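The sequence shown lines up with residues 130 to 222 when you count with the numbering used here.
No lab work stands behind these hints: they were computed from the structure.
Think about it this way: if two alpha-carbon atoms lie no more than 20 Å apart in a straight line, the pair counts; the simulated EDC-like pairs of lysine to aspartate or glutamate are:
#, residue 1, residue 2
1, 160, 174
2, 154, 174
3, 160, 148
4, 152, 175
5, 165, 175
Since the model is a prediction, treat every value here as computed from it, not as a measurement.
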Amino acid sequence: MKKKDKKDIVWFGMKLTPEEKAKIKLLAKRKGLTQKDAVMALVNEEVLEYEIEPVPGSMLDKLQPYIGIIDGGPSDVSTNPKYMEDFGKDSLN
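Use the sequences and the hints to build the structure in full.
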């Protein structure tokens, strides 16, 4: 296990009933871990179950139905830097 720097450690305490403490102690003994490591193993296992799964497809795929639907604008708005010259200046005031 990687040694942590003291500044990276945050104290977390909680009140337990004697029964809850005994369960943690028993779990740690069964797994051959410290009580902290036994609890953290369960926390990490639970968190892994809820990791976000990426949705297939790109943002371009999702925006495809909207590409080219606006008529009458400049044809080079996405490539010509002159359209960006004053962009954001109002927000600085």
